[in-house]
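Starting from the known structure of chain A, fit chain B onto it as the hints suggest.
What follows is each chain in one-letter form.
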Amino acid sequence: MTDPTTLTDPTTLTDPTTLWHPVATMLDLPHRHIFHGQLLGREVAIWRADDEFINVWENRCLHRGVRLSIGTNDGTELTCRYHGWRYSNRSAGCTYIPAHPADAPARTICNRTFAAVEKYGLVWSGEDPIGKPPIVAALDDGTPFTLRNLPVNAPSQVVLDQLRQHRFQPVASLDANTARMTATEVNDYAIALTSTALTSTETDTTESSTAVFFVQPVDSDRSIIRAVLTEVPAQVEQLGVLRHHATALGKLVIAAETAAAQLPPPEPMVATINQVSLALSVMPEPMLDRQAPLRVQVARKWITAQDIVGFELVSVGDPLPTFQPGAHLDVHLPNGLVRQYSLTNGPGDTSSYRIGVKLEADSTGGSQCLHNTVREGDVLAISEPRNNFPLRRDSLRTVLVAGGIGVTPMLAMAQALKPMGLAFELHYFAQADEHLAFEEIRSELGDAVTTHVGLSPDETGAELARLLDGYGHANQVYICGPGPMLETARTIATAAGWPDQAVHFEYFKNTTEIDNSSSFEIALARSAVNLHVPPGKSILQILRDSGIAMPSSCEQGACGTCVVPVIEGKIDHQDVHLKQSERDAGDQIMTCVSRAAGDRLVLDI
Amino acid sequence: MTANVATTCTDPVILDQWHPLLPLDEITTDQPNTAVLLGEQLSYRLDANGDPVVWLTADADATPLPILVEYLYVWTCLGSPPDRLFAIPEFSEPDRRNVHAGTIGVHVSAPRAVENFLDMGHFPFVHTDVLGAEPHTEVVEYDVHIDPDTNDVWATECVFYQPRAATTSTEGQMSDYLYRVPHPFCVILYKTTPLDKDRMDVIALFCRPTAQDRIEAHMFLSLLDPDNTDAAIRKFQQTIFGQDKPILENQHPKLLPLDSRAETPIRADKVAIAYRRWLSDLGVTYGVIPVSPTSASVTS
Chain A
1 MTDPTTLTDP TTLTDPTTLW HPVATMLDLP HRHIFHGQLL GREVAIWRAD DEFINVWENR
61 CLHRGVRLSI GTNDGTELTC RYHGWRYSNR SAGCTYIPAH PADAPARTIC NRTFAAVEKY
121 GLVWSGEDPI GKPPIVAALD DGTPFTLRNL PVNAPSQVVL DQLRQHRFQP VASLDANTAR
181 MTATEVNDYA IALTSTALTS TETDTTESST AVFFVQPVDS DRSIIRAVLT EVPAQVEQLG
241 VLRHHATALG KLVIAAETAA AQLPPPEPMV ATINQVSLAL SVMPEPMLDR QAPLRVQVAR
301 KWITAQDIVG FELVSVGDPL PTFQPGAHLD VHLPNGLVRQ YSLTNGPGDT SSYRIGVKLE
361 ADSTGGSQCL HNTVREGDVL AISEPRNNFP LRRDSLRTVL VAGGIGVTPM LAMAQALKPM
421 GLAFELHYFA QADEHLAFEE IRSELGDAVT THVGLSPDET GAELARLLDG YGHANQVYIC
481 GPGPMLETAR TIATAAGWPD QAVHFEYFKN TTEIDNSSSF EIALARSAVN LHVPPGKSIL
541 QILRDSGIAM PSSCEQGACG TCVVPVIEGK IDHQDVHLKQ SERDAGDQIM TCVSRAAGDR
601 LVLDI
Chain B
1 MTANVATTCT DPVILDQWHP LLPLDEITTD QPNTAVLLGE QLSYRLDANG DPVVWLTADA
61 DATPLPILVE YLYVWTCLGS PPDRLFAIPE FSEPDRRNVH AGTIGVHVSA PRAVENFLDM
121 GHFPFVHTDV LGAEPHTEVV EYDVHIDPDT NDVWATECVF YQPRAATTST EGQMSDYLYR
181 VPHPFCVILY KTTPLDKDRM DVIALFCRPT AQDRIEAHMF LSLLDPDNTD AAIRKFQQTI
241 FGQDKPILEN QHPKLLPLDS RAETPIRADK VAIAYRRWLS DLGVTYGVIP VSPTSASVTS
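From first to last, the protein sequence lines are chains A and B. With the first letter of the first sequence counted as 1, position 499 gets the number 499 in our numbering; the numbers rise by one all the way through. With the first letter of the second sequence counted as 1, position 44 gets the number 44 in our numbering; the numbers rise by one all the way through.
So that you can see chain B by itself, here it is in the shape it has in the complex:
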């Protein structure tokens, strides 16, 4: 019944991306383990030098797939990958805490998860008394643009009242947010930190699509937080994501519809609208319901 969403990926745009397999420090043995990416089963292990190696499980020759180790993760690609992954310069700053906060399977498409990550309006209702609280429900006007050099989607000037924005928060604050989409299935947010008003915490969601309607969601953080333990940071992040998961799994359809007439946007959805158009312009067909030619005439 779900055969059409479990089949292998034929979308060249997605095949040629780097995808996050898992955190590097979770590959600990030379015995092969497996993980699924875009409907393909991959095997991975440490080689004799202690470096990670990844191959298609079905490949009798175990020809290594291209890999990249970046932002604490091992990235791989089933097609022809670009030379480099998108840049997160904060990762290299010496006083940053770089933490991977866990991997959670979610029965939803990657772009639905990205769109949820871009959304401030749900904070008071889904992350009640943590990232938002009634009556502070308003999403005030913010700006959206596409970076002409990197082609990243940006949402800037985002502001939202948060009762407990981070592990380091002791009271409510107006949080400033920047959102950035540098990859069809990866999204980064930059937000005010209580500890340094001139710099921002970095929180990213790296999705590994296992099928069109299923992901393994990796959470990466680069924080200005000298005090909290990794465990406390992970617990906070996993609590947040645990609140999102049941919402995401109750979205219908699970694939993100790119036709503008599929759902009803409000002004708070400005960045989501830009993201959907951007996916359309990139020609992404995996994990989405593309605009059908018959409805294209009414979407402009």
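In isolation and in its complexed conformation, chain A is listed as follows:
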């Protein structure tokens, strides 16, 4: 059974990259630690997140190759020591690059991950492992007890060869030296040994202990023995058992290293580092289209309602510019997306900007990024505040109607109207009490705020009809909320006699499907330039391609930032920003989505 022959011919071994190997014990992964492991010549960074997920990653940052194991594990992300790049638990996707708050490329930088499974108190991984980690019936049926790991300066097959000759005693007779050993090969990198005590009478009253020895191939010349006993020894016996195995394995290590020294040094294993994708290998172009001149730091991030997070943004450089009630910001996110959020600030308060972000169930990455990735201390690039939803401050009565997260611009408006002594009422529709956000602002506004909670669409319509019943001179209504509610409110207001000029609204987004199949000419009256707009391109894109700096924000026909005056030509309006009367006038166009209805438009630029 212990045949001290030559080493196993390596060509007959299973390809080790297809096997699961132990790479750490669970004790190597204390809270918020990063463990530096190695398998088959490849360094890995192993870390346990606060959700208990075990990450096994290539141990180098994709940016400049610095070991991630010298970085920081904050429980959800791993931060590289060199440039503060953050990589997410599980996906290993890069979530934040501090050097570029403004023009984060819309691309996914993802570190190389390896499978990880916890079993027998060990963490198992592999280059490209097939199936499941070694299943050892004796361990699965027993109560595995993991011994301290033992590094050996010897190739794994030298260690295994020594293990085939290894001897230890069963728990009941540690001091004897007469046990009978039987070996079972688990695979080419693991062996199970059973030690059976021979009673003096050689009857069937035998006592046996089994240990499984996993040999982790660290590199061609280094291994780690990870031994697991099938049963937890009784408390009083543990110290003796540990001593016994430590002594036996200590001798084995000396024998293995002595044997290895007789062999020619093996070639080191080469762990190929994957090339980054072609798209990631080129320096991203600077983002010039959408200007984001301000840098702010997230000073506070708090949950203000269910699924709604408040962000307080303070300037990193110059004081923040002033704003008007109803204004919004473009927020440039670390994932390259740009999103618009209304300010909730009261008048003149430029110490910080405060916005509310609702986690959208169908988020394409904007609200998810802000909720899950952006954290206090992060730097973001934002535009200057823009106001495409201006508030008249000369009204006898102002009705503010908010649906859900549409409350944010309404809070800014209400705070502007209150100190002026102008009559206003804020009606805040929400699905449930726990969805009502910004309690601290609403309480300051007092009785002017009425909440309408849990109404069905029909009930909401009835309530709106009641609120908007009776238009009076110099009355204004401002509506911000989800599309269907907004349509209902506009219809009701019109039916109740509110003129178009007194009804103001802001859509979250434009849900109409944009038809950009037409092709037409645009003439720029002031610069005497003619341009062709082909199918698939917007007027905005064509203007920018011609070197004309154009402001824009939402780029979906909702916010109104990219408006351009029209001198001549019929317009195919596809935005949701313009009111019907403004559409009918035909003298302005949202260049991001709207097009010519005919074959030519003359623009006043």
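No lab work stands behind these hints, which were simulated from the structure alone. Glycine is no exception: its CB is placed at the ideal position from the N, C-alpha and C atoms. Do not rely on the hints blindly, as some may be mistaken.
[Said to hold, decoys possible] Facing chain A, according to a computed beta carbon distance under 10 Å, are these residues of chain B, among others: (1) F125; (2) E138; (3) Q251; (4) P257; (5) A262.
Frame of chain A, contents of chain B only:
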């Protein structure tokens, strides 16, 4: 195991460069001492006239190698050196403090160290509260060009917020930087000085590669600083470099990969990308992982 990186240099581009051996004032005796350059052991001493002399230790005849004394250092060459070393005109200005600030062994290739020296993005994270501080992490767009006359790589219009940019700083400032790479393993930066808004401090890193993956890093400064002692200037500089050393020694691979698909650049790395291409164009193979012919087709 590391035999392939410890062998003697066969790269003609690097063999024909001047390399900084050590500061002139550290050669103080006619008794030979030794230092390693490009895997070769060199001996040096003062001759009878008190001038430095350098030879290959293995050379029984002790034939002197070419030497040059420039910018406080003794430079030597194992191949055919150019007539002159790159110019640092500020060195000769009468009101300058020229200081060598120490020599630190680092287990990394010379071009990795040069690239780190060219990098502003790590200031808030590695040199926290000295050369940078959060939230001032942004690296704003800067310009990069190759000087058509000298073939030096330049990064200009670099700006970074620094809490304590130099020994003479008393408060945070926006520092203006210029970077210049005049030699594959030497790099110079010019930065705003708090004392004179029209002139710049000069800080240089001269690397002596002892192996492909090991250097002796020399720090040279030419400052407008009449007040601080040499010791204070050295301490400041050594603190900075001491913060870089553990980062550099944890880079993998240690040799600088020139294949554009080896690592992931961002816009802040514009000068590093130019430096890597410049090394490729020079044909440097020592201390780098050259672009392999098979991957060359996808690097353009």
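Taking the hints in turn, this is what the structure says about them:
Hint status for F125/B relative to chain A: holds, with the closest Cβ pair at about 5 Å, below 10 Å. Look at E138/B: its Cβ gets to within about 6 Å of chain A, closer than 10 Å, so that hint holds up. A cut of 10 Å between beta carbons decides the hint on Q251/B: the least distance to chain A is about 5 Å, and the hint holds. Using the Cβ-Cβ criterion of 10 Å, the hint placing P257/B at the interface with chain A is satisfied: the shortest such distance is roughly 8 Å.
Taking 10 Å as the C-beta contact cut-off toward chain A, the hint placing A262/B at the interface holds, the least distance being around 7 Å.
Checked against the numbered hints above, the structure breaks none of them.
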